[in-house]
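Undergrad: Chains as they are written, first to last, in this note's numbering: chain A, 1 to 314; chain B, 1 to 339.
If you are wondering where the hints come from, they were derived from the structure by calculation, not from laboratory data. The structure presented is a predicted model; accordingly, all values stated were derived computationally and were not measured. Built from N, CA and C at the ideal position, the CB exists for glycine as well. What you were told as hints is all true, and nothing was included just to trick you.
Each computed DSSO-like pair below joins lysine-lysine, with the alpha-carbon atoms no more than 27 Å apart:
1. B/Lys62 x A/Lys311
2. A/Lys68 x B/Lys137
3. B/Lys137 x A/Lys66
Some chain B residues near chain A, calculated using beta-carbon distances under 10 Å:
4. Leu49
5. Gly68
6. Ala70
7. Ala73
8. Leu84
9. Val88
10. Ser101
11. Leu103
12. His118
13. Val147
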Amino acid sequence: MPNDHAADPATTGGTPAGTATARGDARIHDIGYRGYDGPRLGRSHARRALVEQSVRGAFGIGRSAKSKILPMLLLAIMVLPAVIMVAVALVTNLDDLPLEYTRYAVMLQPVLGLYIALAAPQMVSLDLRYRTIPLYFSRPLERTDYVASKLAALATAIFLFTSLPLVVLYAGALLAELDAGDQTVGFLQGLAGAVVFALLHAAIALLVASLTPRRGFGVAAVIAVLTVPYFAATSLQVILHDLGNTAAAGWVGLLSPGTLMDGVQGAYLGGDTDFPPGSDPSAGGMGLAYLLVTVGLTALCSFLLVRRYRKEGI
Amino acid sequence: MIVTEGLSKRYPGVTALDRLTVSIGPGVTGLVGANGAGKSTLIKLLLGLAPASEGTSRVLDKDSATEGAAIRAQVGYMPEHDCLPPDVPATEFVVHMARMSGLPRAAARERTADTLRHVGLYEERYRPMGGYSTGMKQRVKLAQALVHDPRLVLLDEPTNGLDPAGRDEMLALIRRVHADFGISVLTTSHLLGELERVSDHVVVIDGGRLLRSEPIGGFTSSTTSLAVEVTDSDAHPNGATALHDALVAAGVAVRREGGRLVMVDIPPGEAGERGYDTVRDTVTDLGLGLIRMEQRRRRIAEVFSTRTDGTPADPTHPATPAPAAPAPVAQEGAGRRAE
Numbered sequence: 001m002p003n004d005h006a007a008d009p010a011t012t013g014g015t016p017a018g019t020a021t022a023r024g025d026a027r028i029h030d031i032g033y034r035g036y037d038g039p040r041l042g043r044s045h046a047r048r049a050l051v052e053q054s055v056r057g058a059f060g061i062g063r064s065a066k067s068k069i070l071p072m073l074l075l076a077i078m079v080l081p082a083v084i085m086v087a088v089a090l091v092t093n094l095d096d097l098p099l100e101y102t103r104y105a106v107m108l109q110p111v112l113g114l115y116i117a118l119a120a121p122q123m124v125s126l127d128l129r130y131r132t133i134p135l136y137f138s139r140p141l142e143r144t145d146y147v148a149s150k151l152a153a154l155a156t157a158i159f160l161f162t163s164l165p166l167v168v169l170y171a172g173a174l175l176a177e178l179d180a181g182d183q184t185v186g187f188l189q190g191l192a193g194a195v196v197f198a199l200l201h202a203a204i205a206l207l208v209a210s211l212t213p214r215r216g217f218g219v220a221a222v223i224a225v226l227t228v229p230y231f232a233a234t235s236l237q238v239i240l241h242d243l244g245n246t247a248a249a250g251w252v253g254l255l256s257p258g259t260l261m262d263g264v265q266g267a268y269l270g271g272d273t274d275f276p277p278g279s280d281p282s283a284g285g286m287g288l289a290y291l292l293v294t295v296g297l298t299a300l301c302s303f304l305l306v307r308r309y310r311k312e313g314i
Numbered sequence: 001m002i003v004t005e006g007l008s009k010r011y012p013g014v015t016a017l018d019r020l021t022v023s024i025g026p027g028v029t030g031l032v033g034a035n036g037a038g039k040s041t042l043i044k045l046l047l048g049l050a051p052a053s054e055g056t057s058r059v060l061d062k063d064s065a066t067e068g069a070a071i072r073a074q075v076g077y078m079p080e081h082d083c084l085p086p087d088v089p090a091t092e093f094v095v096h097m098a099r100m101s102g103l104p105r106a107a108a109r110e111r112t113a114d115t116l117r118h119v120g121l122y123e124e125r126y127r128p129m130g131g132y133s134t135g136m137k138q139r140v141k142l143a144q145a146l147v148h149d150p151r152l153v154l155l156d157e158p159t160n161g162l163d164p165a166g167r168d169e170m171l172a173l174i175r176r177v178h179a180d181f182g183i184s185v186l187t188t189s190h191l192l193g194e195l196e197r198v199s200d201h202v203v204v205i206d207g208g209r210l211l212r213s214e215p216i217g218g219f220t221s222s223t224t225s226l227a228v229e230v231t232d233s234d235a236h237p238n239g240a241t242a243l244h245d246a247l248v249a250a251g252v253a254v255r256r257e258g259g260r261l262v263m264v265d266i267p268p269g270e271a272g273e274r275g276y277d278t279v280r281d282t283v284t285d286l287g288l289g290l291i292r293m294e295q296r297r298r299r300i301a302e303v304f305s306t307r308t309d310g311t312p313a314d315p316t317h318p319a320t321p322a323p324a325a326p327a328p329v330a331q332e333g334a335g336r337r338a339e
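Could you build the full structure based on these sequences and the hints that come with them?
TA: Okay, structure coming up:
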């Protein structure tokens with residue numbers, strides 16, 4: 001059946017003027033229904049649009065003023081130490097930054113954790129709670145597209161959140177005329193660490209958040225999943241170290257996302273770790289295990305996320 | 001537009017659709033059935049969102065099982081339940097949904113402005129949807145189904161939760177979607193009465209089986225009934241009786257219903273036009289005030305034997321729409337061949 005849309009000649013520059021009431025110029029336009037013959041860009045366009053909208057949402061952009069407060073506040077808290085460090089470096093003529101780039105995210109993990117716990121449920125629980133999901137799946141978009149877009153969006157948001165202070169640090173280091181070569185290497189290592197951190201945490205947090213349509217539960221659950229194992233693993237590391245078992249202390253770091261991340265950076269991105277002395281994973285054996293577990297955990301969570309959405313909607 | 005062949009969907013312990021063979025052409029088609037009759041399941045299968053247990057369905061000449069994405073690009077869907085996030089304004093939401101259908105950003109904005117205007121949402125479209133009335137929410141839900149200019153929209157219980165005035169507006173809007181926008185409509189309801197006002201064709205299903213599929217004329221006699229209610233006056237202490245007698249005297253087929261209503265038979269066509277005039281003139285001549293004139297169809301009650309037109313259904317009794325009295329069950333494939 002052809003779409004016999006009434007094309008109206010009175011179309012005035014495409015502006016919807018049908019609502020114009022007879023006031024002033026006293027002309028009422030009713031331009032009738034116009035069809036759409038333009039391009040339909042399909043799934044890839046929809047995916048990009050969904051990523052973009054979700055990343056904006058993770059910072060409260062395009063939502064109510066109230067939902068901007070927390071992300072922006074956390075971002076400010078995240079960047080503030082970097083600003084202070086840069087100021088100190090500039091004023092006191094340090095020859096190196098007080099902190100390595102890769103250490104920054106580890107040091108500010110509580111802030112990061114809070115932000116992730118806020119952003120992940122924001123991304124998925126609203127669609128579940130208000131049952132918007134069927135509207136997505138009644139469009140060309142497939143379930144995997146939805147999940148992939150949300151994952152990409154959360155990873156991007158976390159990466160932006162983590163790397164912004166690094167950019168501040170790097171810019172400050174260059175301003176303070178620190179060794180540009182060293183600083184660039186350190187900065188790139190920091191960014192690489194941020195990418196790994198973002199992917200791993202996005203997959204874990206999104207999976208946890210997608211299990212409940214209640215945002216509050218989601219926030220609490222993500223905080224719990226990120227912090228409880230972290231504190232358990234770090235305390236266990238200290239205990240094992242005190243018992244003299246440094247190797248075991250190193251392996252225990254595999255048990256939480258936070259220490260996992262720390263270990264990967266320690267082994268491959270040239271940084272120190274918070275691990276007890278002597279239990280740092282090396283680039284060889286234990287470091288490889290850290291890398292594999294990181295990749296494996298990211299993949300597993302993504303797979304479970306796809307499965308979780310297989311029956312969702314309509 | 002839609003052709004199904006022996007379409008079945010069985011869930012563990014429940015048969016939602018049972019060998020449904022039906023063909024639906026362009027225009028407005030009403031899909032009637034009690035809650036749980038299989039309406040939503042049918043929509044799900046048509047969109048290719050769930051596999052059929054048996055049988056096939058084609059929408060816009062594409063196979064639901066294998067070409068779901070291509071179908072969904074050309075079809076709009078309005079769900080029965082709430083689906084709007086409360087803290088987002090309608091404009092932004094509909095733009096987003098248009099982009100999810102693959103429209104470029106600029107086109108999405110333009111189509112959103114057009115579509116929201118067509119469904120009757122003006123200044124309020126910039127406010128968060130949490131503050132909208134049910135009627136406004138239903139309009140936004142309809143707008144997001146139309147925003148990508150589909151060839152067919154599937155509307156699941158579009159009048160749910162609306163008051164009588166809101167129902168009338170929504171039904172008029174549905175009629176316009178086909179008449180003015182050129183988009184075919186499949187709309188579901190558990191009330192045959194409201195569907196027969198907007199549909200060209202009605203499909204009745206119950207327990208996942210096809211009961212009837214017929215052009216609207218098949219459901220209702222070609223003669224419509226006009227319910228008239230008038231005031232009393234000093235000259236005519238009982239207005240209804242006076243009108244009844246006067247109409248009988250004028251040779252019009254008429255009967256009483258209840259204490260206050262006069263039911264007038266209006267024949268189709270030219271004679272019908274004169275019939276309305278006669279009623280109007282008779283009321284004026286008697287000097288009575290007209291409280292209401294309402295069109296009714298006569299044979300509705302025979303389709304759903306326990307339910308009369310306009311009476312709200314009782315959703316707690318899904319068994320009420322009993323099969324049409326002696327009507328032949330399942331005139332399968334009686335509908336117009338699609339395309």
